[in-house]
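Participant: Each chain, letter by letter, is given below.
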Amino acid sequence: MVVPSSKLQDLIEEIRGAKTQAQEREVIQKECAHIRASFRDGDPLHRHRQLAKLLYVHMLGYPAHFGQMECLKLIASPRFTDKRVGYLGAMLLLDERQDAHLLITNSIKNDLSQGIQAVQGLALCTLSTVGSAEMCRDLATEVEKLLLQPGPYVRKKAVLTAVHIIRKVPELSNIFLPPCAQLLHERHHGVLLGTITLITELCERSPAALKHFRKVVPQLVQILWTLVTTGYSTEHSISGVSDPFLQVQILRLLRILGRNHEESSETMNDLLAQVATNTDTSRNAGNAVLFETVLTIMDIRSVAGLRVLAVNILGRFLLNSDKNIRYVALTSLLRVVQSDHSAVQRHRPTVVECLREPDASLSRRALELSLALVNSSNVRAMTQELQSFLESCPPDLRADCASGILLAAERFAPTKRWHIDTILRVLTMAGTHVRDDAVANLTQLIGGAQELHAYSVRRLYSALAEDISQQPLVQVAAWCIGEYGDLLLEGSCEETEPLQVEEEEVLALLEKVLQSHMSLPATRGYALTALMKLSTRLRGDNNRIRQVVSVYGSCLDVELQQRAVEYNALFQKYDYMRAAILEKMPLVERGGTQDEEAKESKEAQHSEAAVIPTEPQTSKLLDLLDLLDGTSGAAQPPPPLEPSSEGTSVHLLDLPCVSPAPASIPNLKVFEREGLQLTLSFVRPPGTPALLLIMVTAINTSEADVTHFVCQAAVPKSFQLQLQAPSGDTVPAQGGLPMTQLLRILNPKKAPLRLKLRLTYNHFGQSVQEIFEVNNLPVETWQ
Amino acid sequence: MIKFFLMVNKQGQTRLSKYYEHVEINKRTLLETEVIKSCLSRSNEQCSFIEFKDFKLIYRQYAALFIVVGVNDTENEMAIYEFIHNFVEVLDEYFSRVVNNV
Numbered sequence: 001m002v003v004p005s006s007k008l009q010d011l012i013e014e015i016r017g018a019k020t021q022a023q024e025r026e027v028i029q030k031e032c033a034h035i036r037a038s039f040r041d042g043d044p045l046h047r048h049r050q051l052a053k054l055l056y057v058h059m060l061g062y063p064a065h066f067g068q069m070e071c072l073k074l075i076a077s078p079r080f081t082d083k084r085v086g087y088l089g090a091m092l093l094l095d096e097r098q099d100a101h102l103l104i105t106n107s108i109k110n111d112l113s114q115g116i117q118a119v120q121g122l123a124l125c126t127l128s129t130v131g132s133a134e135m136c137r138d139l140a141t142e143v144e145k146l147l148l149q150p151g152p153y154v155r156k157k158a159v160l161t162a163v164h165i166i167r168k169v170p171e172l173s174n175i176f177l178p179p180c181a182q183l184l185h186e187r188h189h190g191v192l193l194g195t196i197t198l199i200t201e202l203c204e205r206s207p208a209a210l211k212h213f214r215k216v217v218p219q220l221v222q223i224l225w226t227l228v229t230t231g232y233s234t235e236h237s238i239s240g241v242s243d244p245f246l247q248v249q250i251l252r253l254l255r256i257l258g259r260n261h262e263e264s265s266e267t268m269n270d271l272l273a274q275v276a277t278n279t280d281t282s283r284n285a286g287n288a289v290l291f292e293t294v295l296t297i298m299d300i301r302s303v304a305g306l307r308v309l310a311v312n313i314l315g316r317f318l319l320n321s322d323k324n325i326r327y328v329a330l331t332s333l334l335r336v337v338q339s340d341h342s343a344v345q346r347h348r349p350t351v352v353e354c355l356r357e358p359d360a361s362l363s364r365r366a367l368e369l370s371l372a373l374v375n376s377s378n379v380r381a382m383t384q385e386l387q388s389f390l391e392s393c394p395p396d397l398r399a400d401c402a403s404g405i406l407l408a409a410e411r412f413a414p415t416k417r418w419h420i421d422t423i424l425r426v427l428t429m430a431g432t433h434v435r436d437d438a439v440a441n442l443t444q445l446i447g448g449a450q451e452l453h454a455y456s457v458r459r460l461y462s463a464l465a466e467d468i469s470q471q472p473l474v475q476v477a478a479w480c481i482g483e484y485g486d487l488l489l490e491g492s493c494e495e496t497e498p499l500q501v502e503e504e505e506v507l508a509l510l511e512k513v514l515q516s517h518m519s520l521p522a523t524r525g526y527a528l529t530a531l532m533k534l535s536t537r538l539r540g541d542n543n544r545i546r547q548v549v550s551v552y553g554s555c556l557d558v559e560l561q562q563r564a565v566e567y568n569a570l571f572q573k574y575d576y577m578r579a580a581i582l583e584k585m586p587l588v589e590r591g592g593t594q595d596e597e598a599k600e601s602k603e604a605q606h607s608e609a610a611v612i613p614t615e616p617q618t619s620k621l622l623d624l625l626d627l628l629d630g631t632s633g634a635a636q637p638p639p640p641l642e643p644s645s646e647g648t649s650v651h652l653l654d655l656p657c658v659s660p661a662p663a664s665i666p667n668l669k670v671f672e673r674e675g676l677q678l679t680l681s682f683v684r685p686p687g688t689p690a691l692l693l694i695m696v697t698a699i700n701t702s703e704a705d706v707t708h709f710v711c712q713a714a715v716p717k718s719f720q721l722q723l724q725a726p727s728g729d730t731v732p733a734q735g736g737l738p739m740t741q742l743l744r745i746l747n748p749k750k751a752p753l754r755l756k757l758r759l760t761y762n763h764f765g766q767s768v769q770e771i772f773e774v775n776n777l778p779v780e781t782w783q
Numbered sequence: 001m002i003k004f005f006l007m008v009n010k011q012g013q014t015r016l017s018k019y020y021e022h023v024e025i026n027k028r029t030l031l032e033t034e035v036i037k038s039c040l041s042r043s044n045e046q047c048s049f050i051e052f053k054d055f056k057l058i059y060r061q062y063a064a065l066f067i068v069v070g071v072n073d074t075e076n077e078m079a080i081y082e083f084i085h086n087f088v089e090v091l092d093e094y095f096s097r098v099v100n101n102v
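One line per chain: the protein sequences are A and B, in this order. Numbering follows the numbering used here, with no gaps: position 36 of the first sequence is 36. Numbering follows the numbering used here, with no gaps: position 9 of the second sequence is 9.
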């Protein structure tokens with residue numbers, strides 16, 4: 001039963017008639033069933049019609065893989081109508097991943113050598129679309145023969161096929177090198193365009209080809225010259241520009257050939273200047289050519305005047321009202337700003353204008369470019385602009401803008417006060433979007449600017465009083481209030497208006513921060529510590545503070561609870577130490593590019609904080625230092641209960657393990673008593689000359705365990721020492737797992753290292769305490 | 001290099017898709033929906049070039065039809081923009097009445 005097959009147009013009408021997606025699907029499914037039946041029956045007359053319908057259905061997005069074998073049959077048929085649809089089907093339905101595609105290789109080969117242009121064209125088209133590597137290898141010679149055929153129709157297609165072959169199988173490029181030179185003499189634009197693309201592909205893939213084709217630069221220049229200077233040609237003109245696509249392609253090839261090559265660049269200079277000045281820029285086509293010219297000028301070794309011309313063209317683009325052109329100009333200026341900074345600076349006002357664009361891609365580009373243009377002379381004006389942008393910009397750009405402003409402020413800040421002001425403003429506006437180390441930077445900055453302490457603490461207090469939702473701001477403000485609370489309460493400061501602040505107000509504010517559900521755990525930690533510090537700074541009694549601290553002793557958050565308990569202990573048992581511990585922090589040393597190390601050292605301090613309160617021997621540690629340098633080391637030991645001011649709350653279990661790089665300093669055995677041995681190994685990491693890592697290893701070869709082992713160390717005043725947590729406090733007997741502890745010593749002055757160690761442990765039922773200085777420290781540890 | 005060429009109508013249905021690099025079938029639909037979403041959400045005020053993952057999209061609207069071309073970094077966006085228009089003009093010449101409400 002043969003159902004009369006409908007024509008393609010009928011099918012299209014039917015599909016168009018379907019009102020909904022579901023209806024359309026129904027129609028198509030019915031038709032596909034028909035088509036499948038017809039393929040099975042093998043009707044040769046109408047096969048092409050069925051396949052055509054199938055291709056239409058495929059175009060709409062429905063599966064059509066069952067038509068693949070039909071394509072093969074159609075391609076092999078001698079009729080042109082069949083071949084046409086067959087090849088079209090092959091291009092759409094077959095691809096490299098099906099095995100069937102190899103079967104058409106033979107058909108293509110036959111068709112290529114047939115001599116009928118239309119058929120050859122079809123075959124070439126198909127080869128260039130779906131040709132896999134094997135097919136290309138088989139048919140490359142055929143294609144090459146066709147490159148030199150008389151008719152431009154076939155030659156054009158042959159050139160494009162050659163491009164595809166080279167993309168698939170780069171090794172075959174040698175075959176196509178010789179014909180190129182001859183093909184450049186073409187008059188036909190299609191073939192010419194294809195040839196240029198072919199040469200571009202060849203040059204991109206092999207440097208040898210690149211050298212070979214440098215010889216044709218004069219010829220290319222000539223072609224482009226004729227294109228630009230000859231008048232209107234109806235065949236190729238697009239809005240007044242002669243074949244802009246060919247021009248763009250030639251310019252791109254010139255760019256590749258002229259890159260890093262003086263001679264070629266020289267030949268091109270005149271031409272580029274001519275193109276740049278002569279092209280009509282009222283329509284998009286001209287602008288496209290101009291844009292390509294600018295890119296080329298930027299890339300080759302052009303003369304300075306030409307580069308300035310290019311930047312000016314880009315500046316002109318920026319003033320254009322067309323968004324596309326502005327976008328393109330901003331992107332290219334961004335590429336150029338590194339090399340031609342001063343030229344781009346001239347267009348700074350226009351760039352800043354573009355910040356106000358409603359279009360997101362434009363404003364993003366403008367933001368990047370503005371940030372690149374900030375330098376010491378325009379930093380104030382630029383940050384002003386950028387801050388107003390920050391207020392109104394879309395949320396995804398906020399983070400970039402904020403970090404950009406902070407970075408620019410850091411590099412070019414004229415005064416510290418301006419710097420602090422800028423960071424404050426950024427934090428108030430976009431606090432949640434800044435990077436994590438902004439808090440650290442700000443605290444470090446404020447700490448370093450002695451004269452601005454009063455000013456900063458006032459500003460921060462007022463900012464905090466207004467709004468406690470921006471976490472970084474709250475953290476910095478809490479830290480500041482804690483540190484410089486006495487300055488806050490003093491009353492007058494000449495740089496801001498007099499602000500009368502009561503003690504109660506300050507405490508109330510900090511409590512509010514503690515209780516607010518908007519505060520992160522880290523922020524709460526800051527607030528709690530600030531409250532503690534205020535207990536020594538404020539003149540009133542500390543009942544309120546004690547109350548808060550004891551309440552938080554049963555807080556659910558482990559970090560807060562620990563702090564509260566420790567602070568409680570400070571109030572009760574160790575009240576005599578409170579003043580010393582809660583003194584003002586010394587200036588945090590910044591590790592330069594090694595902020596990671598600074599963070600780790602803060603974490604190490606935190607661990608030290610946990611170790612020390614369990615043993616009320618801080619005074620003894622101070623004594624150790626006395627022994628070494630004879631001055632009261634009150635300020636030296638970093639106040640152990642200070643939280644890591646780098647902002648991240650650290651759990652003791654998360655301490656990073658710094659694995660030292662392999663070093664060549666010999667180990668040193670420093671202590672031996674009744675089977676317990678202590679060895680020191682030294683590492684000087686190559687990146688940080690002032691840093692020394694000492695690994696203390698304790699091994700026990702006796703029969704009894706060593707328990708409650710604690711090792712403390714002290715160094716002279718100019719050094720900085722951090723002890724990381726030991727691996728344990730028991731050294732098992734009989735040579736069991738040794739206990740290790742890492743010491744980090746910073747020796748910026750490269751002074752001779754002196755190290756005193758103090759051990760306390762229980763061994764054989766006795767408690768032992770040993771204090772000794774390490775002698776014979778190798779010279780490499782400190783030089 | 002042009003990565004793909006799409007014609008999409010305002011309802012989000014793909015009318016023509018041609019990929020010049022192999023993309024899995026299911027990834028294609030995903031890609032198309034994302035591309036369409038970003039193009040449809042643009043207003044007239046914004047420029048025609050969008051940065052999308054690791055390529056650039058250049059789109060042009062003709063009544064209810066969007067033509068979107070995805071290119072990699074080396075292409076001249078404005079030349080592609082011109083090319084899209086050229087394509088439409090060729091279709092117009094060749095098929096006379098180009099029906100836009102497909």
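To be clear, the hints were calculated from the coordinates, so they are not data collected in a lab. Fair warning: this is a prediction, and the values are worked out from it, not measured in the lab. Note that CB positions come from ideal geometry on N, CA and C, so glycine has one too. Fair warning: there could be bad hints in the mix.
Chain A stretches covered by chain B per the calculated footprint, using a threshold of three residues with CB under 8 Å from any CB of chain B [to be verified]:
id	segment
1	290-297
2	358-364
3	552-564
Taking beta-carbon pairs under 7 Å as the criterion, some of the chain B residues facing chain A (in silico) [stated by the list, open to error]:
id	residue
4	11
5	14
6	75
7	79
8	82
Participant: Looking back at the numbered hints, which does the structure fail to meet, lowest number first?
Facilitator: 3, 4 and 6
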